[in-house]
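Colleague: Listed below are the residues making up each chain.
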Amino acid sequence: MSAVTKADPTTPAGSANALNQRRPLGDRGFALLALVAGLLVLVILVLIAFATAQQSTTWFSTAGFSGIFSVNWDEASNAFGAMGYLYGTVISSLIGIIIGVPISVGIALLLTQVVPRRWSRPIVYVIDLLAVVPSVVWGLWGIIVLVPWLQNIYLHIASAVNGIPVLDALFGGNAVGGASFFTAGIILAIMITPIITSLSREVIDTVPAIDKEGAYALGATRWEMIRGAVWPHSQAGVVGAVLVGLGRAMGETIAVALVIGDSDQVTSHLFYTGASIASVIALQFGEATGGEFRSALIGLGLFLFALTILVNLVARWFVERSSRRARGA
Amino acid sequence: MMAHASKSLTQAVDLREPSGWRRSKNQIMTVLMWLAFVIILIPLGFALAEVVSKGAGVISWQFLTNHTIPPNVMPVGFGGMGAAVVGTLEITGFASLMAIPLGVLGAVYLNEYGGKGILARLISFMSDVMVGVPSIVMGLFIYVIWVAHFGYTGLAGSFALACLMLPIVIRSSYEMLRLVPDSLRQGSYALGASKARVTLTVVIPAAIGGIVSGALLAVARAAGETAPLLFTVLTVEQTNSNLFSGPNTSLSLQIFANAQSAYTGANARAWGAALTLIAITFILMIVARIITARFTRFSR
Chain A
110 MSAVTKADPT TPAGSANALN QRRPLGDRGF ALLALVAGLL VLVILVLIAF
160 ATAQQSTTWF STAGFSGIFS VNWDEASNAF GAMGYLYGTV ISSLIGIIIG
210 VPISVGIALL LTQVVPRRWS RPIVYVIDLL AVVPSVVWGL WGIIVLVPWL
260 QNIYLHIASA VNGIPVLDAL FGGNAVGGAS FFTAGIILAI MITPIITSLS
310 REVIDTVPAI DKEGAYALGA TRWEMIRGAV WPHSQAGVVG AVLVGLGRAM
360 GETIAVALVI GDSDQVTSHL FYTGASIASV IALQFGEATG GEFRSALIGL
410 GLFLFALTIL VNLVARWFVE RSSRRARGA
Chain B
512 MMAHASKSLT QAVDLREPSG WRRSKNQIMT VLMWLAFVII LIPLGFALAE
562 VVSKGAGVIS WQFLTNHTIP PNVMPVGFGG MGAAVVGTLE ITGFASLMAI
612 PLGVLGAVYL NEYGGKGILA RLISFMSDVM VGVPSIVMGL FIYVIWVAHF
662 GYTGLAGSFA LACLMLPIVI RSSYEMLRLV PDSLRQGSYA LGASKARVTL
712 TVVIPAAIGG IVSGALLAVA RAAGETAPLL FTVLTVEQTN SNLFSGPNTS
762 LSLQIFANAQ SAYTGANARA WGAALTLIAI TFILMIVARI ITARFTRFSR
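Protein chains in written order, with our numbering: chain A, 110 to 438; chain B, 512 to 811.
If we strip away everything but chain B, and leave its shape as in the complex, we get (with noise of 0.2 angstroms):
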């Protein structure tokens, strides 16, 4: 009606508001993008309920120190997550010093030596590739080079894990560096700085919010990987501090193993698990939005 009164062009043409159809076009594909949004929180409100819910009532210190047990029919009450838990840290810990610094220096190679260079438009654009090989191909090449000659331990984990964060951290710390005013870098040149004391006391300490948050983002999932651990770190019921010998375990291959099983006790040790891996990986996402909001200088 209001269509064919637009059309016509002897009757007044109303240019304040568009015509019924395409007004109620533009409603409808407003409530489509918010539909959307509302889809998507479901499953992730679902899922966190659920954690939550069945997690909590089986967490305590006695669960979260005890040694684990292979998932079996013992009820909830026995076994716990302290191998799992030491474990987790210690191999995603020890990723994170190799990967971190590797990182930070791999992005300083790119914004501050490589400029435009072929190779450091190579390594940029490869690093980006990088980061989207699947998590199970880290696992499966760090078992060709390494554990079939060394056997399995926490190290072959944190080498794959370090694999797995490398690009990342690369990605996010480029990012940063980039923003990083040359004013700065120009000024400490004038003052008679070498490269590398303008880099590491003037660029880096100025990109440095930026560069921890987006490395703990980086830490954040590869403590809730599961994939390059399964055949690098094998499984073990007694903690094993010791990263270097031996295998080891983590919260991500409990709940991977016990999520398989069809014994009630082994699923609820398995959202006790979960809900410990989950508040890990929140708590060093928070921390990294907090820094990220307190100390980002040159931001976009």
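One chain only, chain A, in its complex shape (with noise of 0.2 angstroms):
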């Protein structure tokens, strides 16, 4: 390998230098243009801290640390904690994740394992069709029809865990209603499915096939080779793929503000009302006229922007390292 001379493709080989003289101004100009696009995402993403930042001062500074984290968002009076939101933001998209992962990790697995690679393309059709309804058409079809049928559903469970110590905490109480944390995190579950299924099947299709092979002449069944073979060496990028996953539904907005019920309350029960970051802003801002709750509601889009990215950065991280984990192999 030493022997051969390693020439960088994208450049023409011989005396580049010579050549980087008579470069004409379109191509310098073409590569500048370039460039520019480039930076532009770091930009944008500059940008946006900046701007929002600058903007939520008002609110950082009048409302202060406490102020900030209590559950008292009271526009008349002129006090935004937002603790209740933060809350809301968590809860919701925990939910989700605890309802989408099992489903799109097992039909990763069922895509990748079991199905034949030509009957596993309908499938991946109907995953991808998936991610392509509009959120607001999740939302439309959360708040008409699926809130309705599952508020007799939660009524139901409520009365039946009645009494019982922690079920009661978390399934019971007397406010029960159709529009609540868990039924946003239902449809944060449906909308996160296709990109957590997507991102896992890529990390489980490079498990090398000889590990695979190795754990079937050992005499291993499907699910044993998975347990074996497949879970240990894509289980960091299947984290990484739960955690975009996770911040998508932090961040999805339309659907959760249409279903989740729009109140500020911090509480066990999750078949209460209650209100994310991101359904705060889309329900409150045009309505938001003063200087202080607009400042709030942007401050708000600071915090979500601040979340998405931490979740995202540790998500590559957990890819880059799984993806560092198969070459090593």
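Worth flagging that the hints you see were computed from the coordinates, not collected in a lab. Please note that a few of the clues may not be correct.
Not the full set, but computed from the structure, chain B residues with beta-carbon under 10 angstroms of chain A [as the list claims (entries may be wrong)]:
| no. | residue |
| --- | --- |
| 1 | 558 |
| 2 | 615 |
| 3 | 630 |
| 4 | 661 |
| 5 | 757 |
| 6 | 782 |
Here the structure is a predicted model, which is why all the values come from computation and not from measurement. Glycine is no exception: its CB is placed at the ideal position from the N, C-alpha and C atoms.
Each chain sits in its own coordinate frame; assemble them with the hints.
Modeller: Shown next as structure tokens:
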């Protein structure tokens, strides 16, 4: 290998300097244009952080740390404590993850390990279809069809768990309604399944055939092969995929805004109404004419931006680690 | 019973078949994997059936061209989605005009110019992260830097959608450019072509199928977005064909407004708009699939 001189294939070989000196203006112009287009990504991200931070200083300075993290959002008295919305974002996306991840990983395993290649294509089309249905259409279906239907089921569950210690705190209560944290979680689970499925499928596809064949040669069943050969290899990548899904769930706006019920409360009751950061921005920004109200909503946007950037950075770190391991194996 | 037999060394072990419990576990897990697929089919099937059955009765030529009305008590037959159809098409169209060329250029930088340099790696990494930025943040961002100074216009909505599409187009085009074999580039360099010429006339045409289908999927996603348009285009009743001045509206905004209404007439208009929007996004997706199948020359 070392005997072969490695030329960079993307630049002309030979006396590159001489060629560079005679590079025509159009050529250099195109290179500059491409660079500017690439830099645009960084510029937009920095501008988002800067512009939203600048607009939200009013909120940060008047409310203060304890004010921001209190459960007290009342525009009439100019109190903008966002803890209820932070809580709603975390709870609804956690429910979405808990429901969505087993389904997504199940489908990813089905596609890669069970179904033959030519049959996996129609399944992939169906999952893609799920991803193309707009958020607002899920919200429309959620508020008109799903919420009334779930309301009955929730009421039955609530009366069934009445008095049972932990279950009553989670699924019971006397304010159970169709629009709730849990309904938002169900809609989020549906919406993040395509992305988690496709990312985990990519990771699982990199498991070397020799590992899988080795497991079969030792007499493993397919499930034992998945546990012993596929899982250790793709664990980190699947965690990364789940985190990307979590980021999507936290930022999902319109569908959640329509089904979560829009109320500012921190409660253990999952069948109660709530709100997420994204949903409250969408629902209240139109009526936010006062300076501090608007500043608080933009500040919430900055929170959401920081939160999703953080989650995605960690997700990338996991994916990177898993692909490094795949190359090393 | 079988499990006991396989543990005992004195008895013959059947190597062809795993023991009862192991086999049942395997079967249970396979059934669960299929079940996962069936579970996700249920909401998809129900939602699509609902949109088609409730939307089909509402849609007519009149519905697609009439001016929009606020979500009110008016029964089906009054009002339509004309302004919203025009708004969706022009806002998404102009966003695509901005985001697709810039996205492809960005991908060209990453694959053809940046190489393994630190800047290219950073841009590649950050465009991945940017795909995950919630669309409502894009809307807020454009509100702060544009709408607050120049007012609500369709153009502002296009800017927000373009911010959303840019990283998606960069990622998908980059993946496609990476598949173009180096021998093509080397052959063109050997003929004395400049780098810009090689990229524009050899590399991009070789990957055009994948680039176009990736771009169409980004357009489909942008066309269905609501959150970035909420505080950038506002809403309007009469068709506003001028993208650059005055508020506008879109199908997604109309669905959002009418879905929250308690009136059945407004809800029916929301279903009609939903069917129209889904038809637009599905057509884009099917075209993307056909292009991928037909024109992808270098695929994995």
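Colleague: At a threshold of 10 angstroms, is the proposed contact between residue 661 of chain B and chain A supported by beta-carbon distances?
Modeller: Violated - the Cβ of residue 661 of chain B stays beyond 10 angstroms from chain A, reaching only about 15 angstroms at its closest.
Colleague: Using the nearest Cβ pair, does residue 615 of chain B come within less than 10 angstroms of chain A?
Modeller: holds (8 angstroms)
Colleague: Are residue 630 of chain B and chain A close enough, Cβ to Cβ, to be under 10 angstroms, as the hint says?
Modeller: holds (8 angstroms)
Colleague: Checking hints one by one. Is residue 782 of chain B an interface residue toward chain A, by the C-beta closer than 10 angstroms rule?
Modeller: Because about 7 angstroms separates residue 782 of chain B from the closest Cβ in chain A, which is inside the 10 angstroms limit, the hint holds.
Colleague: Given residue 757 of chain B was flagged as interface, is its beta-carbon under 10 angstroms from a beta-carbon of chain A?
Modeller: Nearest chain A Cβ about 17 angstroms off; hint violated.
Colleague: Mind checking the CB of residue 558 of chain B against every CB in chain A and telling me if the closest is under 10 angstroms?
Modeller: holds (4 angstroms)
Hints 4 and 5, counting from the list given before, are not met by this structure.
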